[in-house]
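Could you build the full structure based on these sequences and the hints that come with them?
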Amino acid sequence: MGHEETVYDALDHAHGGEGQWAFGTGFDDPLAGVDTTVPEGIDPADLGAYCLMLGDDALVLCQRLTQWVTNAPELEEEVALANCGLDLLGQARLLLARAGSVGVLGRSRTLATDPVPDEDALAYFRDPDEFRSSWLVAAPNGDFGQTVVRLLAASAWRLALFARLRESRDPVLAAIAAKGVPELTYHRDHAARWVLRLGDGTAESHRRAQAGVDTVWPLLADLFTATDVEARLAATGVAVDPAQLRDEVRGVLTLVLERATLTVPAWPAEQPSRGRAGEPGPELTALLADLQGLARAHPDAVW
Amino acid sequence: MSAPTLDRPAAPDEAALQAHFDAVIAAGHRIEPRDWMPEGYRQGLIRQIAQHAHSEIIGMQPEGDWLLAAPSLRRKAILLAKVQDEAGHGMYLYSAAETLGADRADLTDKLIERRQKYSSIFNYPTLTYADVGVIGWLVDGAAICNQVPLCRSSYGPYARAMIRVCKEESFHQRQGYELLMTMMAGSDAQRAMVADAVDRWWWPSLMMFGPPDDDSPNSAQSMRWGVKRHSNDELRQRFVDMTVPQAAVLGVTLPDPELALDPATGRYRFGPIDWSELKAVIAGNGPCNAERIARRRAARDDNAWVTEAATAYASKHAA
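Top line first, the protein sequences correspond to chains A and B.
Here the first sequence is numbered in my numbering, starting from 1 and rising by one per residue.
Here the second sequence is numbered in my numbering, starting from 1001 and rising by one per residue.
No lab work stands behind these hints: they were computed from the structure.
Incorrect hints may appear among the rest.
Unchecked claim - So the derived label-pair ranges between C-beta atoms look like this: (1) 258/A x 1164/B: 33 to 43 Å; (2) 182/A x 1160/B: 25 to 35 Å; (3) 285/A x 1125/B: 20 to 30 Å.
Backbone N, C-alpha and C fix where the C-beta goes; we use that ideal spot for every residue, glycine too.
Pasting the structure below:
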């Protein structure tokens, strides 16, 4: 039978040349072949710092979603949450590689050995106070209700931002945003569908979804006040002032919660972002210990 | 008319159906969900497909334990995609079982209550990141040897699911091997991890083909029905012959002093397998049996409220 023989033949060819075994695994340098020149008038240090904020958000939320894998309510949800995690991991890799390409590596480059790519130096060899992720993504998952409320809030914010960043003056950032928009649209809609089902499902699911909303809402305070880096980059058309995202994000969240028969809490008093200022909090520190432990134990290793 | 008795001969129409079924099997054609089939064929297939689906789902755990700690973002992406594929395989296979009248939730309950089995290989722990590579190379490699013939299973939905599963497994095996090649070219500590992982997984991988042919109670009927195509020992030999040269390329020593090429047959002879270990693991006494089942039980029980909510929402909004 043709198919059977073909598969066995392919397996058998391993000793003919190890090269083809690595063929097609394809997850190499995320910015391979891309012109990474920084356009005139953009401060590379600011651009890199901004890419770290957005890349760290994606990496940290990926890590949170991954915690559901093998623990999710249904197999379909294992696949869906892993899928959101993979999309965010892809975004993180591009953004960290972009930060590396403009020279924003800091101490991580001296801690990691030469063969470690920039994206890994940044992900694995920065300390918690060098991360710039928001407190919204670092917060623990809680139950499935809290998880989908947080995913809704985080993806509504990120989608509103990425839609605008498609016009960024940095063509690399614009391309990363354009790739992310359809992904984030799926994440937001997937989360919104669950918030509807849970809010308008049973009495228990309503209670749990409301508790999730009440836990997640104060964390929104961390997202809408521009840091100095964001303000400077927004003024030159590279970034977006997060305050401009507020009405859209608030509108989306309010619409979903009302349809889900959930009470919309008062909008939190916005304040300068603690996460973006390098105040990690114990939850991020624990998350990074899991992420980084193995890589740091073998700084001379190649994976 | 008297009450039916067990020894009553089959009604004439049933005999005709059986004859038709036998002819389809004999011609090497496929049985489809709406075709008549003997009850033993149906139940045997449900048992086999469910066990396979459970193995995919439980098999997410040993490697899944490294998802948060994968040592590079590239490796994390590869591993997350692989574990996601395994969930997908479980879904196709449960769907194939459902075409025979089984119900996924009921099969899951049977797994959790230990009334159905899964591959005993997943009851071993993953101690280092090299285990991720060795699972890809040896465990997925053995699974492919077992599964490729199932692409010709006489039951259509199973055969079609297996074609897709095998293609993806083959990709996973290459990724596992590529990880090991990279680690072998890395530091001394990495090479030591690979050697240790190969030592731990080699014999359990050989056990994946099941008991020896003279001690395999379900094999004969499965072969007659075209549900199984090659004997356990035949597939095990095929795997050894395929793997020994790969180990040489990798530069690792397989933990069997008796492993040697037989010049007369061109096949590798290997040492005796400790079947008492397989029996103990199947009986529930492997290192991780309790943990694996406990995780599935928690996923079902702790999230039951989510499924109930989805059902309630769907019925409210059905109109």
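Are residue 285/A and residue 1125/B spaced within 20 to 30 Å by their CB atoms? 27 Å Cβ-Cβ, so the 20 to 30 Å window holds.
Would you say the C-beta atoms of residue 182/A and residue 1160/B sit inside 25 to 35 Å of each other? holds (30 Å)
33 to 43 Å was suggested as the range; check whether the CB atoms of residue 258/A and residue 1164/B agree with it. holds (42 Å)
Hint violations for this structure: none, all hints satisfied.
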